[in-house]
Amino acid sequence: MPYNKLILLLIFFLTGCYQNETTQKKDYIFGTIVEVTIYGETEEKSTHAIELVFNEFRRLHHYLHPWEKSIIQEINLSIKNQEIYTTQDTEILSIIKHNQELELKTQGYFNPAIGKIIEVWGFHSDQFAMDRPNSTVIENLRRNLPHMSEINIHSRYIESKNKNIQLDLGGYAKGYALDQAKRILSKNNINNALINIGGNILALGRHGDRNWVVGIQNPRKPSSIGSISLKSGWSIGTSGDYQRYFIVDNQRYSHLIDPNTGYPANNAQSATILLPPIKSSGTLSDVYSKPLFIAPKKLKHSIAKELGIDFYMIVMADGKISISNDMLNLIKWHKKIDKKDITIH
Amino acid sequence: MIKKISQFIKKIQIGDLLTIFIFIALTGYLSSILWNFPQGEYLKIQMGKQEIGSFSLNQNVIKVIEGPIGKTEVIIDSGRVRISKAPCTKKYCIHQGWIKQLNQTIVCVPNKISISIIGNQSDYDSLNY
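Protein chains in written order, with our numbering: chain C, 1 to 345; chain S, 1001 to 1129.
Some clues are possibly wrong.
Subject to a maximum C-alpha distance of 20 Å in a straight line, what follows is the list of computed SDA-like cross-link-like pairs (lysine to any residue) [to be verified]:
| id | chain 1 | residue 1 | chain 2 | residue 2 |
| --- | --- | --- | --- | --- |
| 1 | S | Lys1090 | C | His124 |
| 2 | S | Lys1090 | S | Met1047 |
| 3 | S | Lys1091 | C | Asn250 |
| 4 | C | Lys221 | S | Asp1123 |
| 5 | S | Lys1091 | C | Lys25 |
| 6 | S | Lys1100 | C | His334 |
| 7 | C | Lys25 | S | Ile1118 |
| 8 | C | Lys25 | S | Gln1050 |
Only some residues are given here: those of chain C computed to face chain S with a beta carbon under 8 Å [unchecked claim]:
| id | residue |
| --- | --- |
| 9 | Ser224 |
| 10 | Ser232 |
| 11 | Ile236 |
| 12 | Thr272 |
Rather than coming from a laboratory, the hints here were simulated on the basis of the structure. Nothing here was measured: the structure is a model prediction, and the numbers come from that model. For glycine and all other residues, C-beta sits at the position ideal for the given N, C-alpha and C.
Just need the whole structure built from these sequences, with the hints factored in.
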């Protein structure tokens, strides 16, 4: 039967049209959505690699959790009880050392030792209390503000004389996980992937014959402000007041606490930074957006310069945009921005 | 010309008709499973890892999704979508209001439900927020 051949031919052409270019998987880890997209590999290979990445995310989530059972909680407890914490775990030692360096580099705007203040504000809960804490409590905590430099690490011992220290790596863990994901994917010969952990994104390789493209969320609308084409190895991170926050008396209180005041920073709606493929760039894309969000309006630009951030965009509290020239050249606006609403640095 | 066509039609046998019918049915079936929505815009609903499904935006329906902490209600209203009821305490997802453009997404983290508008072409691969 010649028709049989024709049917086979038809099936062949139909399947030929269908080409699954990307494999994308999502899960809920770190209390947020994580998403990995892989280009140009078989679904089987992609799924396997993504599962390895998600397993690492789950490990880190439990390992670094600020208020559930974790190594961080154990360290916090021994500091609180003024005991010496002994460990063979070199990973946690290097993570804490890195956090010490980052607090100094960011002039204290990134301070992962202030877990107590974050807890008092009620952000140590998935369903946080929507209430302002007592102002004298905040004032006391602020006056005795702990610093990462007060933690002493000797070979495998961790201790501190300041029992007010409470580690909270909420601003570090997701970025660290990005760098881990990058390592796992490269090890598994995945060259083209896009990793998104709660909005923090790292790009590997390309999407076929073009770069990966990411949208940037509008902090007050369920749509994007614009999009950015990410070259291989580049990462993008945003700190915003629209993901974890509560509103009391028409005042918005976000989880991004200014260590200098003890209160949520409120001079910006979001701060977005773009980093080239430098060492630990995933981690830094998470950490370095914090000082730009928190620091006073006048200092934001000089802090960006000091941290070596060439690409940044800040949506100020009044909705006006403050953007670096490099970022402006890269961003593709989804809506025309009025010239009076934008300041270029 | 017309004569030729009518002669041709007269030559068609039951077997031919059957073959043509099978061709059409097979083409329809295969394109529906092998082509990812060649046109139009759809709403993709996901609960945790699991994809609940994709639904045409050109309809007026209410979808109720059972999540880990309760029922989330999604309204599809001729091209636009919103979450109308949610079991979470903050109701951020409801406050987001209507979405209708490609790639717009509403997420209900406590109930692990995300709804996003998908279509043929997309402005970007992922969203930074």
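The hints, checked one at a time:
no.	hint	verdict
1	S:Lys1090 x C:His124	16 Å, holds
2	S:Lys1090 x S:Met1047	19 Å, holds
3	S:Lys1091 x C:Asn250	16 Å, holds
4	C:Lys221 x S:Asp1123	17 Å, holds
5	S:Lys1091 x C:Lys25	26 Å, violated
6	S:Lys1100 x C:His334	15 Å, holds
7	C:Lys25 x S:Ile1118	15 Å, holds
8	C:Lys25 x S:Gln1050	10 Å, holds
9	Ser224	7 Å, holds
10	Ser232	13 Å, violated
11	Ile236	5 Å, holds
12	Thr272	7 Å, holds
In this structure, the hints that do not hold are numbers 5, 10, in rising order.
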